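Model the full assembly from the supplied sequences, consistent with the hints where possible.
For the record, the sequence lines run as chains A and B. Residue 225 in our numbering sits at position 160 of the first sequence; the count goes up by one each step and never skips. Residue 155 in our numbering sits at position 167 of the second sequence; the count goes up by one each step and never skips.
Be a bit skeptical, because a hint or two may be false.
[Claimed, not checked] EDC-like cross-link-like pairs, simulated, lysine to aspartate or glutamate; straight-line CA separation at most 20 angstroms:
id, chain 1, residue 1, chain 2, residue 2
1, A, K152, B, E68
2, A, K152, B, E331
3, A, K152, B, E321
Hints were generated in silico from the structure; no laboratory data involved. Keep in mind the model is a prediction, meaning the values are calculated, not measured.
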Amino acid sequence: MASKVIHAIYNDDDILLNAVKAVRSEHYHIEEIYTPFPVHGLEKAMGLADTRIAITSFMYGLVGLGVAILMMNYIMIEDWPQDIGGKPSFSYIENMPAFVPIMFEMTVFFAAHLMVITFYMRSKLWPFKKAENPDVRTTDDHFLMAIDAGSKDVDEVSRFLSETGAIEISLIEKEDDH
Amino acid sequence: MYTLPNKVKLFAIIFMVVGAIGMVTGFMSAPSSTEEVKEMMASHGDGHGGDHGGDHGEAKATHGGDHEEGTHMSEEEHLEHVLHQLQNRPWSALYIASFFFFMIALGTLAFYAIQHAAQAGWSPVLFRVMEGITAYLPIASIIILVLLVLSVMHVNHIFHWMEPELVNPESDKFDKLIAGKQGWLNTTGFLARAVIYLIGFNLYRYFSRKWTLKQDSAEPGDTRWFKRNFKLSAGFLVFFIYVESMMSWDWIMSFDPHWFSTLFGWYVFAGMMVSAITVIAMVTIFLKSQGHLEFVNDSHIHDLAKFMFGFSIFWTYLWFSQFMLIWYANIPEEVTYFVTRIEDYKLPFFGMLAMNFIFPVLLLMNSDYKRVNWFVILTGIVILAGHYIDVFNMVMPATVGASWYIGLPELGALCFFFGLFVWVVFSALTKAPLLAKGSPFMKESKHFHY
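So, in C-alpha cells, the structure goes:
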C-alpha cells in the first residue's frame, strides 16, 4: 500500500520551530524532521518523549565499575598477587586506592562505548548503511518536515504549510516497504 | 529594592548570641593546668579516657613532628601535651569556622570574577546575589587577620612553627626541618603576605562592586564600566590563582609544618568553589521563595546545581590525587598526614568523603533533580557540612591531635560565624536593586534557557 507524505522545506530554524508548533496545533502528524544541525528545543516542540539514554548510560557505568572490580580482583589479588612498594596484594579492599583509576576509567569506557552502540542500534544506524535522506539540501542549509498526508486533503495541508513559511512543498507517494 | 526581613535579622542575632555563648564557654572550660586535664579525663568515664590515652600514644609515634623521634613520653609529659591540645581547641574551632565562611566569600568572589572575565551570558541575573555574599569578605578578612596576629603574638599556639625555640639551634627543641623552612615560614613574612592577599582580594571586591553599580546608572549603550570590570576581573583571576595557593600553604598547610603537598592550593580551591557555589544557589533559592528575583528561572538553578555537581567531583578528584600518591609512595614524612587522620579522625575523614562526593553525585546526577529547589537545598546543606568537616580535618589533627570532638566550641563558633554571615550578606543585599540592570548581557541572562 502506498502512503502519501508531504515534504515541506524551510530555510530557517526559527521559522521551522514555529511551523512545528502550528502544525501540531492543527493535529497533523509529523513523521520526521531533517535538519542540518541539532535545533535547540525541537524535540520538545515535536512532543517527543525524553531520551532514556542517560539511564542506560548509568547502568553501563555500573557494569563497567563491576567489571573493573572483578577484573582487578582476579588479576592482582587472586591470580598473581605481587608485593608492590611494600603493599602486598592479599586483599582487594586494602589495595583499593591503587585500583580506583582503573575503576574510574572502566566506568567511563563502558558508559561511553555502550551508550554509542545503544544509540546506533536505536537509530538503526550501522556501517555501510545507506542514508535515508529525502533531500540532500537538509545536509547543508535547509530543513525538511515530513507530514503524513494520509486521509487529509492535500491541497488544504499544502496551503496551511506555505502559510507557516515553507519555501517548497511537494507530495511524495512512497511504497510502504517497512 | 530588597528590605531585610525582621525574621532574618532575628534569626541571625539568635545564631550569633548562641554561638558567642558557646564559644565563650569553650574558652572558659579549656583547662589551664595538668591537674584539670587529669580531672577531665577521669570524669569522661573510664572507657573513654582509657581509649583516649591508648590511641594517643600510638598517634604520637607517627606524629613525630612535635617531639624528637623515639622519646618515650612520661605520664606528666603526656598530660602536658593533652593540656596544650585542649587549650588549642577553642582557638582552632574559632579559626576553622572563621576560615570556612571567609572561604565561602572568597570563592564567590572568584566565581564572580570568572563570570565577568568570561563575559558569561547566563549569570548576570545572579550578580547581586554574588555581590551580597562577597560583602562578607572585608569583615571576614579583618577577623582572620586578627586571629593570625594573635597567633603571631603567641596568644594561642595553633601554629606550631611559630614557636621560636624550634628554630633556635641552641635549644633542645631545635627542629631542623622547620628551621630549614624559615625563609618562608617566619612570622614577619607570614603577616606581610596575609596583608597582601587580603588587600588584593578586597580591592577587587571594592572596585568590581562599585563599577557594576556605575554601569547600572550609565547611559544605554555606554559599556565603559562593564569593560573596565572585564579587565579588572581578568587581572584579578591571575592574582587570585597564585595567591590562593600561597594563602592555603600559609593558613592551612603550615599547621603541619613538616608536611607538604604540591596540589594543596588546588585542593583548598576546589573546596572553596563548591562551597561558594552552593551558597550562591541557596541564597538565590531563598530569595526566590520570598518572592524576589522573579527574573531567575529554573535554568539558572539548574546551572548552579551543575556547578555544585561538577565541583564536588573536581574536589574528590583532587582529594584522591593527593591521597593516592602519598599512600602509594608511603614516604614517612608525607604519609604521617594521612596516618594521623585515619587513626584519630576516622569518622570525619571518611564521613566527609561520603558527604562531599557520594551524596552530591547520587542526588544531583539526574538532570531533573537539579531544578527541584528543595533537592538543591538539601544537597547544599550536606555539601556545606561536608566542607566544614574538610577544613576541620585539615586543621584539627595538627592543633589538637586526638583530643578532638565536635562540641560546644566548634558548634558555637560555627553558629556565631553563620549568624554574622547571614546578617552581613542579607544587609548587603538591601543596599542595591537585586537586578544588575546595567549588564549588557542582562537580556540574554533573563532569557537563559537550558
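Unmet hints by their number, sorted upward, for this structure: 1
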